[in-house]
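The listed protein sequences correspond, in order, to chains C and L.
In terms of this note's numbering, the first sequence is residues 1 to 404.
In terms of this note's numbering, the second sequence is residues 1001 to 1186.
One should not assume that every hint holds.
To be verified - Here are the computed distance ranges between Cβ atoms for each label pair:
1) L:Val1118 - C:Arg158: 27 to 37 Å
2) C:Gln130 - L:Gln1092: 50 to 60 Å
3) C:Lys278 - L:Val1118: 21 to 31 Å
4) C:Ser12 - L:Asp1032: 49 to 59 Å
Rather than coming from a laboratory, the hints here were simulated on the basis of the structure.
Glycine residues also receive a C-beta, built at the ideal position from the N, C-alpha and C atoms.
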Amino acid sequence: MIDYKKHKSNFSPYLEKLYQSDKPMIIYKFIDGYKIFTDFSKRIVLNKSNIENFLNNISKKKFKREQDLYVGFFGYEILCNLLNVRIKNQKKNGFYKGLFYKPETIITLSKKIKISSTLKKQGFNNHFNQTKILKPFKINIDFKKYKKIFDLFSKKIRAGETYQIKICTKYKNKSEIDPVSFFWRLMKVNSAPESFMIRDKNYSIVSCSPETLIEKKRLKVTTKPIAGTLKKNQRLNKSKALRFFKNNDKETKEHNMIVDMERNDLSKICKPGSVIIKKKKYVEEYRHLYHYVSTIEGKLKNNINLKDIIKSMMPGGSVIGCPKIRTLQLLNSQEKEGRNIFTGSFGFIKFNMDMRFNIIIRSILNYKNVSEISAASGVVLDSSSKKEFSENYIKAKSLLELFK
Amino acid sequence: MIYIIDHQDSFTWNVVHQFSQFDKVHCSDYFDINKKLLNKSDVIVFSPGPGSPKDYPETSKIYKKYKGKKKMIGICLGFQLILYNEGGKIRQQNKIYHGYQSKIKVNGKSKIFKKNKVFNIGRYHSLKLNEPYFSKNLNITMRCTKTNTAMAFEDNLNKIYGFQFHPDSFLTENGNFFIKKILSSK
Chain C
1 MIDYKKHKSN FSPYLEKLYQ SDKPMIIYKF IDGYKIFTDF SKRIVLNKSN IENFLNNISK
61 KKFKREQDLY VGFFGYEILC NLLNVRIKNQ KKNGFYKGLF YKPETIITLS KKIKISSTLK
121 KQGFNNHFNQ TKILKPFKIN IDFKKYKKIF DLFSKKIRAG ETYQIKICTK YKNKSEIDPV
181 SFFWRLMKVN SAPESFMIRD KNYSIVSCSP ETLIEKKRLK VTTKPIAGTL KKNQRLNKSK
241 ALRFFKNNDK ETKEHNMIVD MERNDLSKIC KPGSVIIKKK KYVEEYRHLY HYVSTIEGKL
301 KNNINLKDII KSMMPGGSVI GCPKIRTLQL LNSQEKEGRN IFTGSFGFIK FNMDMRFNII
361 IRSILNYKNV SEISAASGVV LDSSSKKEFS ENYIKAKSLL ELFK
Chain L
1001 MIYIIDHQDS FTWNVVHQFS QFDKVHCSDY FDINKKLLNK SDVIVFSPGP GSPKDYPETS
1061 KIYKKYKGKK KMIGICLGFQ LILYNEGGKI RQQNKIYHGY QSKIKVNGKS KIFKKNKVFN
1121 IGRYHSLKLN EPYFSKNLNI TMRCTKTNTA MAFEDNLNKI YGFQFHPDSF LTENGNFFIK
1181 KILSSK
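When you get a sec, could you build the whole thing from the sequences and use the hints?
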């Protein structure tokens, strides 16, 4: 919330012009503010056959200045493709499987506004998209259907085929949105550490993702899985929430599993003995809920390339379930609608191979005048279908409220 | 060299890092075995994984081929897979343990671990060994202190060992100790 006020007090005519235009732009949350990427000189649409080339080519580029990076996202489907996990017979809306941009202008919003650009002149046009809600939100699976999938997955857990699995539900409405104003309104109430916004000519994404999947600086890789959600109420505070998680069998087991799983995913690409749990089981506070979090890090092996890193870490384990491959196969056999960006990853890769990626959750995707918000929660053996179904609603709530 | 056969689990690389502390390790998917390297290895490890032993006939073949010739170690599914090949029946549990910390106790049959010693260990399993179970050379050596479920075995004649729990989990205290003892037993 402090970030937002800081930003708002810094009124800038340049920024107002940018916001009011329809110029493609991306905003990403950083520790002490936000970065805005714009004036894109390249726009790379990813698919099954060019993704490897895209990743390989980055390692050949030189990092000279701030703008030497790609910012964008990998959708869920392309990450499954990388792992050779198939998706069949799903309803799709034709949205991009992955998209990356090369920015020429980067604006840093922290205590001051800093504009850094390789271009001499930046033009804007005046075009403003007002938010219009044409039809109200509807959920794509009702409780009855949800329970059917839930019961099937419970059976699979009993048989040892999966240990934990996350079912996705989707809220959709018909609407046009102004993503910039949505984003800043969202940041006012919930400036989650991995928040971002993308505005492009034919789609937009607004997200308050709380979860960092990869933070890589030189050889050090860090991941911060979230497993455990508690709805806020007036009697709770952070230390009570921690006590709740610690004493709650189901949340503890779910979290333990994700910690071991993320240790595994890091171990695949890191030097033996270098993977450690940096901070074990702590609580982070958000608008409507508390999360149970751990921080794990490792040092990369010498011969690891970008593709290895993406393949071993994505899609992020905490939003899929465990073990990853078998669980992805089960999910893809039951979910009838494509996940699009949901449980994919957004972030940037610098040309020196440093990178940061989140897990795309708590997000609105607006495409072809439809806004969709997805949420997922876990089936483990002690969970109840009713509770998990409503947990999905709690997770989507702060985004649904933006449409009011 | 240690050859770890991965059953596409999300814990296998924790196992790889743990064994790497003691020797060179090679790891591959169960359907993509490097037969030359496997033949050259001193120890074969069967990783954890989803499903049940009957889903992995290729691994069972490897087990039978090298039984008595190489030291072999099974973890979780690997533990069940060895027992399954030794006439054991693997069945679903009433209570399922995923991400669970339990206490286990060493019994008098162990030649490697001290009798009555208690350990805190991490568990991830839906299935377990159906008992009573009898075998000529293979003895159950550790059990859950609460449920009495079989948690480890030793066949010191053929040098075959197994853990139902995960020595590789952060929930297991002193996990390296188990691996070190098994690897150094002659």
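| request: Starting from the hint 21 to 31 Å, judge whether the C-beta atoms of Lys278 of chain C and Val1118 of chain L obey it. | output: The hinted range 21 to 31 Å holds for Lys278 of chain C and Val1118 of chain L, with Cβ atoms some 29 Å apart.
(message) Taking 50 to 60 Å as the stated bounds, is the beta-carbon spacing between Gln130 of chain C and Gln1092 of chain L within them?
(response) 57 Å Cβ-Cβ, so the 50 to 60 Å window holds.
Handout entry: Range hint compliance [Cβ, Val1118 of chain L to Arg158 of chain C, 27 to 37 Å]
Key = 29 Å, holds
Just to be sure I understand the hint, the distance between the Cβ atoms of Ser12 of chain C and Asp1032 of chain L should be within 49 to 59 Å; is that true here?
56 Å, holds
Consistency note: the structure conflicts with none of the earlier hints.
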